[in-house]
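> Below are the chains, spelled out letter by letter.
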Amino acid sequence: DTGVSQNPRHKITKRGQNVTFRCDPISEHNRLYWYRQTLGQGPEFLTYFQNEAQLEKSRLLSDRFSAERPKGSFSTLEIQRTEQGDSAMYLCASSLGRSRNEQFFGPGTRLTVL
Amino acid sequence: SQKIEQNSEALNIQEGKTATLTCNYTNYSPAYLQWYRQDPGRGPVFLLLIRENEKEKRKERLKVTFDTTLKQSLFHITASQPADSATYLCALGRDNTDKLIFGTGTRLQVFP
Chain L
1 DTGVSQNPRH KITKRGQNVT FRCDPISEHN RLYWYRQTLG QGPEFLTYFQ NEAQLEKSRL
61 LSDRFSAERP KGSFSTLEIQ RTEQGDSAMY LCASSLGRSR NEQFFGPGTR LTVL
Chain C
1001 SQKIEQNSEA LNIQEGKTAT LTCNYTNYSP AYLQWYRQDP GRGPVFLLLI RENEKEKRKE
1061 RLKVTFDTTL KQSLFHITAS QPADSATYLC ALGRDNTDKL IFGTGTRLQV FP
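Chains as they are written, first to last, in this note's numbering: chain L, 1 to 114; chain C, 1001 to 1112.
In short, the hints are calculated from the structure, not lab data.
Worth double-checking, as some hints may not be accurate.
Said to hold, decoys possible - Incomplete in silico selection of chain L near chain C, CB under 8 Å:
{"#": "1", "residue": "R31"}
{"#": "2", "residue": "Q41"}
{"#": "3", "residue": "P43"}
{"#": "4", "residue": "E56"}
{"#": "5", "residue": "F65"}
{"#": "6", "residue": "F74"}
{"#": "7", "residue": "S95"}
{"#": "8", "residue": "E102"}
{"#": "9", "residue": "Q103"}
{"#": "10", "residue": "G106"}
{"#": "11", "residue": "P107"}
What the hints assert, rightly or not - Some chain L residues well away from chain C (every beta-carbon gap over 10 Å; in silico):
{"#": "12", "residue": "T2"}
{"#": "13", "residue": "V19"}
{"#": "14", "residue": "N51"}
{"#": "15", "residue": "G85"}
{"#": "16", "residue": "N101"}
Glycine included, C-beta positions come from ideal geometry on N, C-alpha and C.
Could you put together the complete structure from these sequences and hints?
Structure below.
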């Protein structure tokens, strides 16, 4: 257990529905990251925050995806109008924020879109 | 666009032998490279980091090399054990961002 928690661990939804995931990072970590991972692939970067500021967002992230970290602690990732192609493991990670620092990953939220 | 390649097929080795995993990249100039371990159904776990100006890094039974001319990193596990069986991911990073770019991973199976 790295100390990063994610909820829910599994989510099954129907196409077109909205879903929201939560990530609680390690308390002293000011950087928080979201990645998406599909079967047989490595994690793919989505976005990251320093405190409450969203510093970078992948160009692959469509406007159906939005992430927030309102108080610089926990973060939420929302997917609107889900599509079957959104089915994946959504991973959250946190770090102390110094460049080159290791990232601590949570267990992930597995999303299945029917 | 950048491309990171790791052995696509699983690597099967006998307990006690040295496992060597490869990470090759193109169209990218990383400032550092990290290796992670991932077990099924779990998030990646950090193992080692090596910077562009370092040739080799060691930690217990693990050794990483980084050749920026060949654009390649090698990850070695000596005296491998069945408990080392997992998927190993390499990830590249730059100084101007904390974003990591991951390879597809190599599945290692160590059998007794």
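> Each hint: holds or not?
Results for each hint:
Residue-level restraint check for R31 (chain L) holds (minimum Cβ-Cβ distance to chain C is 6 Å; threshold 8 Å). Taking 8 Å as the C-beta contact cut-off toward chain C, the hint placing Q41 (chain L) at the interface holds, the least distance being around 6 Å. Interface hint status for P43 (chain L): upheld, as the beta-carbon distance to the closest one in chain C is roughly 5 Å, under 8 Å. Given hint, E56 (chain L) at the interface with chain C, holds; its Cβ is 6 Å from that chain's nearest Cβ, closer than 8 Å.
Interface restraint check: F65 (chain L) against chain C, minimum CB-CB distance 16 Å, threshold 8 Å, status violated. Interface restraint check for F74 (chain L): the shortest CB-CB distance to chain C comes to about 17 Å, outside 8 Å, so the restraint is violated. With 8 Å as the threshold, the beta carbon of S95 (chain L) comes within range of chain C, its nearest partner Cβ sitting at about 7 Å, so the hint holds. At its closest, the beta carbon of E102 (chain L) sits 4 Å from a beta carbon of chain C; the interface hint therefore holds under the 8 Å criterion.
The interface hint given for Q103 (chain L) is met, as the beta carbon of that residue sits about 7 Å from the closest beta carbon of chain C, less than 8 Å. Taking 8 Å as the C-beta cut-off, the interface hint given for G106 (chain L) holds, the closest approach to chain C being about 5 Å. Interface hint at P107 (chain L): satisfied, since its Cβ lies 6 Å from the closest Cβ of chain C, which is below the 8 Å cut-off. With a least CB separation of 7 Å from chain C, T2 (chain L) falls inside the 10 Å interface cut-off, contrary to its annotation.
Look at V19 (chain L): its CB is around 19 Å from the nearest CB on chain C, clear of 10 Å, so calling it non-interface holds up. With a least CB separation of 13 Å from chain C, N51 (chain L) remains clear of the 10 Å interface cut-off, as annotated. For G85 (chain L), the requirement that its beta carbon stay farther than 10 Å from each beta carbon of chain C is met, with the minimum near 18 Å. With a cut of 10 Å on Cβ distances, N101 (chain L) falls inside the contact zone with chain C, its closest approach being about 8 Å.
Taken one by one, the earlier hints fail for this structure at numbers 5, 6, 12, 16, listed in ascending order.
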